[in-house]
Amino acid sequence: MIRRKGGFVVQKLVNKASERKAAYIFIFPAVVLLAAFLIYPSLQTIRYAFTDYNIMRPDRIVFCGLNNFIELFRDKDFWIAVKNTLYFTVLVVPFQTVLALALALLISSRRKGVSIFRAAYFSPQVTSMVVVAILWTVMYNSSPDSGLLNALLVNLGLEPCGFLNDPDTAMNSIIFMSAWQGAGYQMMIFLAGLQGISPEQYEAASIDGAGKIASFFYVTLPGLKNVIQYVVMITVIQAMKLFTQPYVMTKGGPQNSTRTLVYYIYEQGFQKRNFGYACAVAAIFFVIVISLSLGMKKIIKAD
Amino acid sequence: MSKRVVAVLLAAVMVSGAFTGCGKTKERVNEEGESVITVWSPSDEPAIEEWWLRKIEEFNRLYEGEIELRREAIVRADSYAYEDKVNAAITSDDLPDILYVDGPNVSIYAANEVTIPLDDYFSKEEWDDFFDSSKQQNTYDGNIYAVGATESSVALYYNKDLLDEAGIDIPESKEDAWTWSEYYEAAKKLTKDGVVGTNIIMDKGEGLSYVLEQFWISNGTDFVNEEGSSAKGYLNSAEGIEAAKFLNSLIQDGYANIDPIQKEFHNGRAATMLGGSWEVATLEKDYPDLNWGVTYFPVADKDSILTSPTGDWAASVTKNVQDMDAVKEVMRFLFSEENVTTYAQAISKPPTRVSSYDVLTEYNEYPRSIFKEQLMETGHPRPRTPSYSVLTAEFAEAMLDIFTGVDPEEALNAAAEAVDKDYNKYYAND
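So the sequence lines, in the order shown, correspond to chains A and B. Start counting the first sequence at 1; every next residue gets the next number (the working numbering). Start counting the second sequence at 1001; every next residue gets the next number (the working numbering).
These are computed hints drawn from the structure, not numbers from a lab. Source: prediction; values computed, not measured. There's no promise every hint is true.
To be verified - Calculated cross-link-like contacts (lysine-lysine; reagent style PhoX-like; alpha-carbon spacing at most 25 Å):
{"hint": "1", "chain 1": "A", "residue 1": "83", "chain 2": "A", "residue 2": "225"}
{"hint": "2", "chain 1": "A", "residue 1": "76", "chain 2": "B", "residue 2": "1204"}
{"hint": "3", "chain 1": "B", "residue 1": "1232", "chain 2": "B", "residue 2": "1189"}
{"hint": "4", "chain 1": "B", "residue 1": "1204", "chain 2": "B", "residue 2": "1174"}
{"hint": "5", "chain 1": "B", "residue 1": "1245", "chain 2": "A", "residue 2": "83"}
{"hint": "6", "chain 1": "A", "residue 1": "298", "chain 2": "A", "residue 2": "83"}
{"hint": "7", "chain 1": "A", "residue 1": "241", "chain 2": "B", "residue 2": "1204"}
{"hint": "8", "chain 1": "B", "residue 1": "1421", "chain 2": "A", "residue 2": "76"}
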């Protein structure tokens, strides 16, 4: 008896040890890939952030201490990029989320022909952002003779708008088209969430005398809580990385109004070849995004 | 046991898969023992791609057993995509033997010792056959660092019907080229019925520096000093600010669009345009119904200097080259009289060798003769400074800021300061 029991324990231990070994072997490829393509480049970025590195002179990388960071804190363009990135995020996230939720509610019914709308609302998402950005650049053209939206405004008897050529409206124009492009994806997530709310809850609500609006606030929204948290989280992270739209549509202008942090990193690192300085901006960007994500997680948990 | 084997194998496959293609350096000698010379150049229109295939075959037949020429066509998109790839190759020390670079970038690569001097690749008589404009653009610190087969120029295209209707005469010789005031008055007269008076290249990028620098030069200044070490007092000089103000008046008064549609002039929506020499072929081929002409680049009102843009992509030899003799043979082949001529013909651009014009007689006739004349007599290459990438980005930004309401002096001061800062940081102590 005792022997058998002991044998069993030993066997279990052996199993555990070999399982652990197997586990390490299984995660090995993932770890190697992460290390090669994420961890190592990140560490290099941090290292280069403390150097004067002209990208054409990899043979002349000079350690410069905190110089890049000191310069950065005095750099007007950097702070404008921070401001623009936050402005974009703060506006696009609620706008896009509400838009996606509204679309999802519109097409969640099982009426005939709804699938056409579902495909239509989702289609901007499957189109490359570069293509979408070029199309919108044409639509936003500031001359009523060529720009679709301005032609519309003029025909309605309104003044034409500068859109991308006016520092006051350029970022808002990008926010609008980004939400239009991105909402389809979140709409799909919301649709899945809506299907997870059981019809009995709506039935019970209507028996208790709740109208459409009340059942939205007391049944739909609470039922979607987790989905909304997830959607907001990924939209914030995506929004912080804004690059393609300013790159294609405005080159960061006019008057710095659409220069975002990621665009600024690209511009400094590759266009102006200030690689060390770009790495310093990237390091700060990393800190901002990580603290935002952690902060949001904390708020959600506390909730 | 077998589980572990499978896991190890899987891991090995995945990891090796991830690294395939990395760490592979350029092949410099092939299996037959021939020296391999690799060329990188932007992918181009079909006629040029076909030229490359034909010429590579010809070269490899000629040098069988000695040299093998290869070319990688790299998508340029806007010029930055190409440069991003070159930057990556510099970092990994994996440059091709021959690298095509845009004219104004020749100095950047030369100053950073990415490319090597080519002065001894051709004899003095041979060099004399190349245009000065092209040699100037490709010279840095007294040495030639690149050779180009084609040149470019910009002149003023006009819609004959619209100008006739408005009763506007066109200058017949370059001494009579329109002054800025005449250009402005013409644009003003021609702006009506949904047609704008003129189109000044508005690509928000390199096109701005390429074309608009001439307004600085014509007004007696330039973007940077002769040594290429400072922009202060040039880019933002009183004459420069005056040039910016003039260009801005065209935009602000509505005689040129800040956001022109594609092919605005070609489609009859702009009465004139500052357009490149390459537009001649496009207009002839794709817009046969448009009644157009071309005249000289406009000049400043007072004490003006006759001027026109120049510059095109050119081939340079990188520091990573191993077989110096082989690369020289390839360069001498690519830029021989015959090949410069056939290349220029294929791409419909003016050739850089004077002798090519004996064959390409169309350049003796209007409209192409205008561009040839400008190239030989009034051409000014873009600034030769190792800080050119900062200069061109800052200039484009400054102009867009000015066109959207920023004070010209303020915008140009900021741009000049950024250029000088870059130069002082990386090149002043060389």
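We went through each hint and held it up to the structure:
Pair hint residue 83(A) plus residue 225(A) does not hold up; C-alpha atoms about 29 Å apart against a cutoff of 25 Å. The straight-line distance between the Cα atoms of residue 76(A) and residue 1204(B) is roughly 22 Å, inside the 25 Å bound, and the hint therefore holds. For the suggested pair residue 1232(B) and residue 1189(B), the alpha carbons sit about 36 Å apart, so the restraint of at most 25 Å is broken. A hinted pair counts as satisfied when its Cα atoms are at most 25 Å apart, and residue 1204(B) with residue 1174(B) does not qualify at roughly 29 Å.
This hinted pair does not check out: residue 1245(B) and residue 83(A) have alpha carbons roughly 30 Å apart, beyond 25 Å. Among the hinted pairs, residue 298(A) with residue 83(A) is consistent with the structure: their alpha-carbon atoms are about 24 Å apart, no more than 25 Å. Annotation: proposed proximity of residue 241(A) to residue 1204(B) holds, straight-line Cα distance about 23 Å (limit 25 Å). Our distance criterion of 25 Å between C-alpha atoms is met by residue 1421(B) and residue 76(A), whose separation comes to about 15 Å.
Checked against the numbered hints listed earlier, the structure breaks hints 1, 3, 4 and 5; every other hint is satisfied.
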